[in-house]
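A.B. asks: Those sequence lines, one after another, are chains W and V.
When the letters of the first sequence are read in order and numbered with the working numbering, they come out as residues 1 to 541.
When the letters of the second sequence are read in order and numbered with the working numbering, they come out as residues 1001 to 1541.
Simulated from the structure, these hints should not be mistaken for lab results.
It should be emphasised that the depicted structure is a prediction, and the values quoted were computed from it without experimental measurement.
Note that beta-carbon positions come from the ideal geometry of N, C-alpha and C, so glycine has one too.
The reader is advised that the hints may include incorrect statements.
Residues on chain V that point at chain W, a partial pick, calculated with CB under 10 angstroms [said to hold, decoys possible]: (1) E1087; (2) L1091; (3) S1161; (4) P1364; (5) D1368; (6) Y1390; (7) N1488.
Result set (BS3-like, lysine-lysine): computed pairs, CA atoms no more than 25 angstroms apart in a straight line [as the list claims (entries may be wrong)]: (8) W:K395 - V:K1508; (9) V:K1395 - W:K516; (10) V:K1393 - W:K465; (11) V:K1395 - W:K505; (12) W:K289 - V:K1508; (13) V:K1465 - W:K393; (14) W:K289 - W:K17; (15) V:K1393 - W:K508; (16) W:K17 - V:K1508; (17) V:K1028 - W:K352; (18) W:K395 - V:K1505; (19) W:K505 - V:K1289; (20) W:K505 - V:K1352; (21) W:K289 - V:K1516; (22) V:K1505 - W:K289; (23) V:K1028 - V:K1017; (24) V:K1340 - W:K290; (25) W:K516 - V:K1393; (26) W:K508 - V:K1516; (27) V:K1017 - W:K505; (28) V:K1516 - W:K395; (29) V:K1516 - W:K290; (30) W:K516 - V:K1290; (31) V:K1290 - W:K508.
Below, each chain spelled out in residue letters.
There are 2 protein chains.
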Amino acid sequence: MKIALVQASFIEGAFGKNLTTIITHIRKAKDLGVDIVVFPELAISGGNVGDIADYDDFGESNLNAINAIASECRDIAVVVGCYIPTENTVLRPFFNAACFIAEGKMQQIVAKTVLNDSDISEESRYFEPNTDFLTCTYKNETFAIVISDDISVPVVSMEFSVNPMDQISKQSPTFAICIGAVPFDYNQREIRHTVISTNAARYEIPFLFVNMVGGHNNIVYDGGSLVANAQGEITYEMNYFKEDVYVVNLNNKQENISEFEIPNLPKIARIYDAITCGLRDYFARSGFKKAVIGLSGGIDSAVTAALMVDVLGKENVMGVLLPSEFSTSHSIKDAEDLAKNLGIEYDIVPIKTAYNTFMQMFEPRWQDLPFDVTEENLQARIRAVVLMSYSNKFKAMLVNTSNKSEAAVGYGTLYGDLCGGISALGDLYKTQVYELTHYLNRNGIRIPENTITKAPSAELRPGQKDADSLPDYDILDKLLYAHLEGKNNAEQLLAMGFDQALVNKVLKLIRLNEYKRCQAPPIIRVSTCAFGHGRRFPVVW
Amino acid sequence: MKIALVQASFIEGAFGKNLTTIITHIRKAKDLGVDIVVFPELAISGGNVGDIADYDDFGESNLNAINAIASECRDIAVVVGCYIPTENTVLRPFFNAACFIAEGKMQQIVAKTVLNDSDISEESRYFEPNTDFLTCTYKNETFAIVISDDISVPVVSMEFSVNPMDQISKQSPTFAICIGAVPFDYNQREIRHTVISTNAARYEIPFLFVNMVGGHNNIVYDGGSLVANAQGEITYEMNYFKEDVYVVNLNNKQENISEFEIPNLPKIARIYDAITCGLRDYFARSGFKKAVIGLSGGIDSAVTAALMVDVLGKENVMGVLLPSEFSTSHSIKDAEDLAKNLGIEYDIVPIKTAYNTFMQMFEPRWQDLPFDVTEENLQARIRAVVLMSYSNKFKAMLVNTSNKSEAAVGYGTLYGDLCGGISALGDLYKTQVYELTHYLNRNGIRIPENTITKAPSAELRPGQKDADSLPDYDILDKLLYAHLEGKNNAEQLLAMGFDQALVNKVLKLIRLNEYKRCQAPPIIRVSTCAFGHGRRFPVVW
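Start from the sequences, fold in the hints, and give me the full structure.
C.D. replies: The structure is reproduced here in C-alpha cells:
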C-alpha cells in the first residue's frame, strides 16, 4: 500500500484554489502509483474560516468539491478533510469530517469526536461530535481514519474518558491515518511526536499524520507531518513551514526501520520560522508588498525590521525615524545603524513641530496644566499619524512592534505605538525578543550592539527607562509566563516565590489594560496563550 | 408556595459583591415569608466571564459562595446559577448549573443541557452538557429547574431532537423555574414571550423565568423576567433594564388569571433603553465619569452626544468641534446648535494648522504626489489625536460615533473616527440612527433639524457626500441587514432583487474591511449580529 501524505496550504474560503491544489496532487500521485492520497483536516475550505460557514453556499461548496474530487478517484483513493452538513435535528450545522473517497464516490465520512474549544479553537460553534466508530477498507486493507484531537486529547489528558481509537481498534485496522490542522506553538512539536508515537505503540500499527501548513491570519500551521511504525518509532518527519509531499510504502519493511533522528533545531529558530511564515502569508493574502516600520533605535523595532527584511526583501521595507525632544542622540544613531545594516531605505521625520502645533491648539483649554501621560501619549500618537500616512501613501503595511510583556501590562499608547496591520512580536516576551535578536545576529551583526546593550526606554519624557515603572524584564517575564501560559493565580504565584506587591501590581495592570489589547492588531501566535482571539477576557470586570 | 424572582445585575468575577447581593435578597425574602428565592443563570460569578474561569480559584470561589448561601438557607430555599467544576474525565471544566439549596445544604445540581455556541455565546469552551434529568422537591412540591436555552432551542428550532423538559416532565413537576442570562436584542422580547408561553402550555404547568439584567461590556442583559400560568398565558412581566423583584404566590388562584397586557413599547424605545443601560454600566465599571465626543455637525455624533447626556448628565459630557478646511460652515453651526440644545460644554479646535504641519513634515518625501486617501485619513487621525488628548487630560472616555453601515463597508478611518473606548451606535444601521434621532427629539428638538435633513458627508475633501461612493442608506441598510443578520449570500441577495453590481461591491467591501473592524472599540450589541466578538471572520481570506 503506497500512501502519499500531502502537507499543503489551503486558503480560507478559497474553494476553487484549494480544489486545484488537491486535484493537482491527486494526478501527480497517480503517476507515482500511489494507492491513497491524504490531505489535511479541513483542506477543502481552509482551516480557520470562522463564520464564513454561516452562509448557505459554504456547505454546498464543500460538497461540490467532494464531487469534483470523487470524479478524479479512479484507481486511486483520497482522504481529505472538509465540512459536512448535519441534519437539522442537532444543534451544530456541520461535522468536521475526513472523507474517504474511492472508486468515483464517497465511501465513508469519518467525523471528529473530540472537539477542541480551548484557546484559539471553537469547534463546538460549528461542529457536532461524532458518535460512530468505523474503519475503512481499500484494496483489502482495513485502516483507521482519525482527526487531530481524537488521538491527542487521550494522550495529553490521560484521565479523559472518550478515546475514539479504542473503539476503532476493535475492528483491527492494520494502519491509521490521522489528519490535522494543528497550529504551531513552541511546544507543539514535542507533543506531536509523543502523541503519534504513543498511539502507534499502543495499537501496534503504523500511524501516518498529515498536518496543514502556512500562515493564516494570526495562526501559523507548521506542517511537520509524521510517520510512525508499529513499534511507535518516528520513521519520518516532513518539513516545517513548507509545503511537502512524502510517499510511504507500508509494504516496504525497510521503510519501517527507524533510522530517523529528530533534527535538533533550537526553539528560537522555530519561533523565527513561525513568525516569518505567518508574516509572509499575511502580506501575500492581504495584497501588500511593502512594509513600513517606525524605527526608535530600540530592540523591538529593530527586530521587527530585520524580520520584515527576511520576509519581503530589503527593497520592500521602509524605516521611519521619528525623534522627539526626549529622544537621546544614540537612538537616532542606533536606528540609522540598523537601517544601514539591513540596507533599507529610511526617512527621518522629527515630530517636534507637530508636537508644538498640537500643544498650541490645546493651549486655550490646557493653559498651565502640568505635563502628564497626555503629552507622553501625544508623541506616540503623532508618530502613528506619520507612519499611517506613509502606509497610505506608499501602500505599505505598518508593522506593529509591541511585545507581549508590554501588551500584558499596558506599556504602550493606544492609537500610538499599538498601531499596525499585523503584530510581529506580540506573542514574544521581551526576554524572547532579545533571544530572537541573537538568532538574527548569528551570522553577523544586523541589529546594532548598542540597541541590544542599552536599557529599554520609551523616551517619552526626559531620562525615562522601562525599569522606572516596570520590574526587570527577567522577573516580569517569568511572572507573566506563569500567569498567562501557566494559568497560576495570585496565591499560586506567591507560593512560587514572586513578591506579593509585584504580583498584585502586575495582575492589576493585566486586568486594567484589556481595553488596549482589545483594539490591538492581529498577533502572530507562537505560544500556547497569545493575546487576541485565544484569550477571552472582559474589558471591564 | 411563594416564590421570589430576583432580577438583578451580577458583575463578572466580583464574587464578594455578587454574594452580598444574593444574601441581601434572601434575607428580605425571608421577611416576606417566601419559600423559594430564584436568582439568574451564573449569578454567582457574573454571566460573561470568559477565560477568568481558567484560573483555579474560579471554581473554588463559586463553591465557597454556594456554601455561604447554604448557611443562609434555613426555612427558605434558593435556586441560583453558577459554575460547578466537573471531573477531569471529561473535556470541559464546568457545568453551567442551577443549584437548588435548602435546609442548609446543596440539594441538587441541575446542569444545562443545550449549550449555546452561536453569536456571542461560547458555552462549550467552558461547559460540559448535562445528561441527567431530575425534578427537585421542596415542601412536598415537585418542580422542574431548567436553564435558558434548554427550553428555548426546542421551541425556536422545532426539529431539534434534544428536549430536557420532555424528560423532566415524566416526573410530573407542578411548576417550572427557568433561570437565564439572556442578552437583549431587538427581537428577544417576542421570542421570550413565545418560549415561556409555549412551554407552560405544552406541559400545563406555571413557568417562572428569571433573567439577568444590566450592561456587561458589549452585552446588555435586559431583564424582562416572566411568569406564565398553566394555560400558557403570560401573567406578569418584570421591568426591563432595571433591577426588580417579584413574589409569585402559586397557591393564589387570582394571580394565575391573566389580566396582563404586554406594554407596547416601540422597538426604537427598547433600543434606546438597551444602549443607555449598556453605556451607563460600562462607564460605571471602567471608572470613567466623563465622556468626550467629537462633534462634526453630523447625525452620528449628535445622537451619541444626546445619549451620553442621558447617561452621564450634561455636566459630564464635553464636545469638541474639529473643523478642517473642507468643513462646511453649516457643520460648525449645527454642532454648536447641538451643544447648546444639550447644554454641554464645547471647544472649537480647528485642525488646519496641524494638517499643514504634517504636510510640511511629509514634503521632502511626498513632494508633488497628488491628494488621495492619505490626506483624507490624515484629517480624521489629527482629530483622533486631539480627542484622545482631551480624553487623557480630563479623564473622559472618548465615545466612538461610528454606525454599523459605515463599519460594514469600511467607511471610516482606522485610528481616526474609529477610535473610542466604547461604541454607542456601532450596532445600528444609519437608517436606525435616524429613527433614534426622532425618538430623542420626541419631546422637543435636541438634535438640530439641519443635522437631520442634510445629506451625510465625511467632509474630508471638497463637496464630498456619502452618496458619492455609497448607495443610498435606505438600500444599503436593507442589503446589509439581509446579508449580516439574514445570512443571505450573494445568490440569495440577487434573488431578493438587489442589483448584482451593488451586491458584489458591498460584499467585497465587507470582506476587505475586516482589518478595520478587528481593531474597533467594543460595540453595545442590540441586534442578532453585531460586529465584534459575535461575528468571527478572518481578516484576510
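A.B. asks: Against each hint, give a clear statement of whether it holds in the structure.
C.D. replies: Structure-based check of all given hints:
1. Residue-level restraint check for E1087 of chain V holds (minimum Cβ-Cβ distance to chain W is 8 angstroms; threshold 10 angstroms).
2. For L1091 of chain V, the suggested interface contact is upheld, since its CB lies about 7 angstroms from the closest CB of chain W, less than 10 angstroms.
3. At its closest, the beta carbon of S1161 of chain V sits 4 angstroms from a beta carbon of chain W; the interface hint therefore holds under the 10 angstroms criterion.
4. At a threshold of 10 angstroms, the smallest CB-CB gap from P1364 of chain V to chain W is about 7 angstroms, leaving the interface hint in force.
5. Restraint check, D1368 of chain V versus chain W: the minimum CB separation of about 12 angstroms is more than 10 angstroms; hint violated.
6. At a threshold of 10 angstroms, the smallest CB-CB gap from Y1390 of chain V to chain W is about 8 angstroms, leaving the interface hint in force.
7. With 10 angstroms as the threshold, the beta carbon of N1488 of chain V comes within range of chain W, its nearest partner Cβ sitting at about 8 angstroms, so the hint holds.
8. Taking the CA atoms of K395 of chain W and K1508 of chain V, the gap is near 19 angstroms; set against the 25 angstroms cutoff, the hint holds.
9. Of the pairs offered as hints, the one joining K1395 of chain V and K516 of chain W holds, with about 16 angstroms between alpha carbons and a cut-off of 25 angstroms not exceeded.
10. The hinted pair formed by K1393 of chain V and K465 of chain W meets the criterion: a straight-line CA distance of about 23 angstroms does not exceed 25 angstroms.
11. With a C-alpha separation of about 21 angstroms, the suggested pair K1395 of chain V and K505 of chain W falls inside the 25 angstroms cut-off, and the hint holds.
12. With a C-alpha separation of about 21 angstroms, the suggested pairing of K289 of chain W with K1508 of chain V holds against the 25 angstroms cut-off.
13. The straight-line distance between the Cα atoms of K1465 of chain V and K393 of chain W is roughly 23 angstroms, inside the 25 angstroms bound, and the hint therefore holds.
14. A hinted pair counts as satisfied when its Cα atoms are at most 25 angstroms apart, and K289 of chain W with K17 of chain W qualifies at roughly 21 angstroms.
15. A distance of roughly 22 angstroms separates the Cα atoms of K1393 of chain V and K508 of chain W; the hinted pair therefore holds under the 25 angstroms criterion.
16. Of the supplied pair hints, the one linking K17 of chain W and K1508 of chain V holds, its CA atoms being roughly 18 angstroms apart against a limit of 25 angstroms.
17. Restraint check: the Cα-Cα separation between K1028 of chain V and K352 of chain W comes to about 63 angstroms, which exceeds 25 angstroms; the hinted pair is violated.
18. Simply put, K395 of chain W and K1505 of chain V have alpha-carbon atoms about 21 angstroms apart, close enough for the 25 angstroms limit, and the pair holds.
19. Simply put, K505 of chain W and K1289 of chain V have alpha-carbon atoms about 24 angstroms apart, close enough for the 25 angstroms limit, and the pair holds.
20. The suggested pairing of K505 of chain W with K1352 of chain V is violated, with an alpha-carbon distance near 42 angstroms, which exceeds 25 angstroms.
21. Taking the CA atoms of K289 of chain W and K1516 of chain V, the gap is about 19 angstroms. The hint holds against a cut of 25 angstroms.
22. With a C-alpha separation of about 24 angstroms, the suggested pair K1505 of chain V and K289 of chain W falls inside the 25 angstroms cut-off, and the hint holds.
23. Straight-line distance between C-alpha atoms of K1028 of chain V and K1017 of chain V comes to about 17 angstroms, which keeps the hinted pair within the 25 angstroms bound.
24. Of the pairs offered as hints, the one joining K1340 of chain V and K290 of chain W is violated, with about 48 angstroms between alpha carbons and a cut-off of 25 angstroms exceeded.
25. In summary, the hint linking K516 of chain W to K1393 of chain V is supported, as the alpha carbons are separated by about 18 angstroms, within the 25 angstroms threshold.
26. The straight-line distance between the Cα atoms of K508 of chain W and K1516 of chain V is roughly 29 angstroms, outside the 25 angstroms bound, and the hint therefore fails.
27. A C-alpha spacing of about 22 angstroms is found between K1017 of chain V and K505 of chain W, which places the hinted pair at or below 25 angstroms, so the restraint holds.
28. With a C-alpha separation of about 16 angstroms, the suggested pair K1516 of chain V and K395 of chain W falls inside the 25 angstroms cut-off, and the hint holds.
29. The hinted pair formed by K1516 of chain V and K290 of chain W meets the criterion: a straight-line CA distance of about 19 angstroms does not exceed 25 angstroms.
30. Of the supplied pair hints, the one linking K516 of chain W and K1290 of chain V holds, its CA atoms being roughly 19 angstroms apart against a limit of 25 angstroms.
31. Proximity of K1290 of chain V to K508 of chain W is assessed by CA-CA distance (about 23 angstroms); at most 25 angstroms being required, the pair is judged to hold.
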